[in-house]
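Please take these sequences and the hints and turn them into a complete structure.
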Amino acid sequence: MMTKTFALPLLLALVGGCAQAPYWTLTDNDNRVLKSTSFEMTVPAGWTRTTTADTWEQVKVDDKPQTLLLEQVTASRDGVSLHAITVTRRYPDTAFPTLKKKTNASMQPLEVADLYVSELRKRYGLERLRVLSNKPSQINGKQGFELTMEFKNDDGLRIRIVSNGFVDKTGFYTINYRAPVLYYYDRDYADYAKLVRSFRQSKGAFDPPPEIPGWAKLFT
Amino acid sequence: MKRLLGLFFLSLLVSGCATTGDVTAFKDANDTSKIQEGEGRLWHEASGYDTTIERSGQIYEDRRATAYLQGVMDRLYPEFKGKIHVHLYDSTQLNAFALPNGSIYFNIGLLARIGSEAQLAAVLGHEAAHFVEKHSFRQRVSAKNASAFAVSGIPFASLAAVSSISGFSRDLEREADMKGYARLVKAGYDPHEAHKAFEQLAKEVKALGIQEPYFFSSHPQLVERIDTFKELAARQKSGGRVGAEEYNAVVQPIRLEALRKDLGQDRYKSVILVMEDANLRRYYPAAGYYYLGEAYIRRDEKNDSQKALQAFQTAEKLAPNYAPTYKGLGMHYMKAGNKVRAREYFSKYLTLASKDAGDRAYVQQYISSLK
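So the protein lines, in turn, are chains A and B. Start counting the first sequence at 1; every next residue gets the next number (our numbering). Start counting the second sequence at 1001; every next residue gets the next number (our numbering).
Any given hint could be a false lead.
Unchecked claim - When the alpha-carbon atoms are kept at most 20 Å apart in a straight line, the in silico EDC-like pairs for lysine to aspartate or glutamate are as follows:
(1) B/Lys1355 <-> B/Asp1300
(2) A/Lys102 <-> B/Asp1300
(3) B/Lys1269 <-> A/Asp63
Said to hold, decoys possible - Residues from chain A that face chain B, not an exhaustive set, calculated with beta carbons under 10 Å:
(4) Phe96
(5) Thr98
(6) Ala113
(7) Ser118
(8) Glu119
(9) Lys122
(10) Glu127
(11) Leu129
(12) Val131
(13) Leu132
(14) Gln143
(15) Lys152
(16) Asp155
Hints listed in this document are in silico derivations from the structure and should not be mistaken for laboratory results. Beta carbons are placed, not taken as given, at the ideal position from N, Cα and C, and that holds for glycine.
Spelled out as structure tokens, the structure:
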């Protein structure tokens, strides 16, 4: 019992030390292209961005935590708790984890958008997410959707999310911008639109998916 | 008979507890201003929770329905008029809850499922009894609960522990049943309606395997409650107000909205359960068949595509002006490769849908691609 008590904190300390925590960098004119395995884009000057992609997330499916593979990068100008652009690639088999739905390349953008809204509404705090508009869009030449959604937080602050997304045989891609309607959303929407236009898929998108890091599974 | 005698003695015991010690039930609206020591904090927390609910957009805005529910409550508890406030809560879960300050929240999901004013009165009577009998305060003064909520860091967790958000002890629930039932009879409602609301809930809880710790989903308790109401009603003459027509006139639009929200949150099983049940379906507008079709598509089991088509066709026949049905039919025929019919249905959708329909642009795109 005593050995276990000591072993657990030691293991956690070791694992914590090994974990590659994403770190932030401020973009300037020489440092604006954000490359990840599957995609790259140009981050607006003056924004901070993560330098490496997150490769997994923990999601509660039927109240049980699960560790799922993904690829995610984030950019923000004033701090992620205030507003952020998040670019995510989910793999076909786990594209809508709480709905337990997969994607396939033949799905219509409207179907994908409807599933995505349902998936978001299953997440904490987004149960009453309202769809303000849902229209077709093109991302990197692919047919997709542009959803504009809104919710109120516990303080009554209206938070808006705009999401451009598409599906292909390599998975489900979303480029989200989330900000309070008050002041921030309109101020930075143009930067977001530029980032969406700069989005390109990389050859790495067609590589086989990586393994979930062993230590990440400890959290499930 | 044994059960009734048992309940009678239990009720005496429980109400005995209510009047012993420091906690006494409210007598009327004036009495609510004489809050006992320690009770003020509970009311303050409840007011904070009211504010959070309102600010964060969790109130379902329907003035007509809210006024109707308030009217039923005032009929049940006339001496508390102006002190018990009924709100519609924007959630499709089958629940209703009372806060210690007299705020009663009624989920639109529960409202959609019940079939008459008398059934509504059975639920409202129960919830208001929690407030009048000060069940929250009584639960809080017990040392066991006090230590339980003291360690929790969840916002409003302490309030949840002592309000009907998460259910009271079995004895207090029984007392609320008895007091609520007495109010129902006194207000002139048909006592034979009371158990019907709970019967439907029990059926749904069982069919969907709901395990959330909500009061109405606690299955053994629900079964016991149904038996109790049946036995109590058996001792009463039939008759009294049912109010099915009035109720359904008010709730009909909310039912369709509840189906839409259920589907939007991927509760397609619930939509299928409701719309496949002839007894429940009769309360729903015919346009509900459109949501049944969409629910089959979400479920995506064997033959569901065909079932979806049949549901859309029924919606087309019974509610020919409901635009979304034509989008559903258009999508079906587009996937089946029938371009002519797909175009025809998509065009009809565009004719009937409002100019600002969110998915108009997609449908226009589909029509172009089908030429």
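Here is how each hint holds up against the structure:
1. B/Lys1355 <-> B/Asp1300: Roughly 31 Å between the alpha carbons, so the hint for lysine 1355 of chain B and aspartate 1300 of chain B is violated.
2. A/Lys102 <-> B/Asp1300: 12 Å, holds
3. B/Lys1269 <-> A/Asp63: 18 Å, holds
4. Phe96: 9 Å, holds
5. Thr98: The hint holds - threonine 98 of chain A has a Cβ within 10 Å of chain B, the shortest such distance being about 8 Å.
6. Ala113: 8 Å, holds
7. Ser118: 4 Å, holds
8. Glu119: 8 Å, holds
9. Lys122: 7 Å, holds
10. Glu127: With a minimum Cβ separation of about 7 Å from chain B (threshold 10 Å), the hint on glutamate 127 of chain A holds.
11. Leu129: 9 Å, holds
12. Val131: Holds, because the Cβ-Cβ distance from valine 131 of chain A to chain B comes to roughly 6 Å (cut-off 10 Å).
13. Leu132: 8 Å, holds
14. Gln143: 8 Å, holds
15. Lys152: Holds, because the Cβ-Cβ distance from lysine 152 of chain A to chain B comes to roughly 4 Å (cut-off 10 Å).
16. Asp155: Holds, about 6 Å.
The structure fails to meet hint 1 from the earlier list, while all remaining hints are met.
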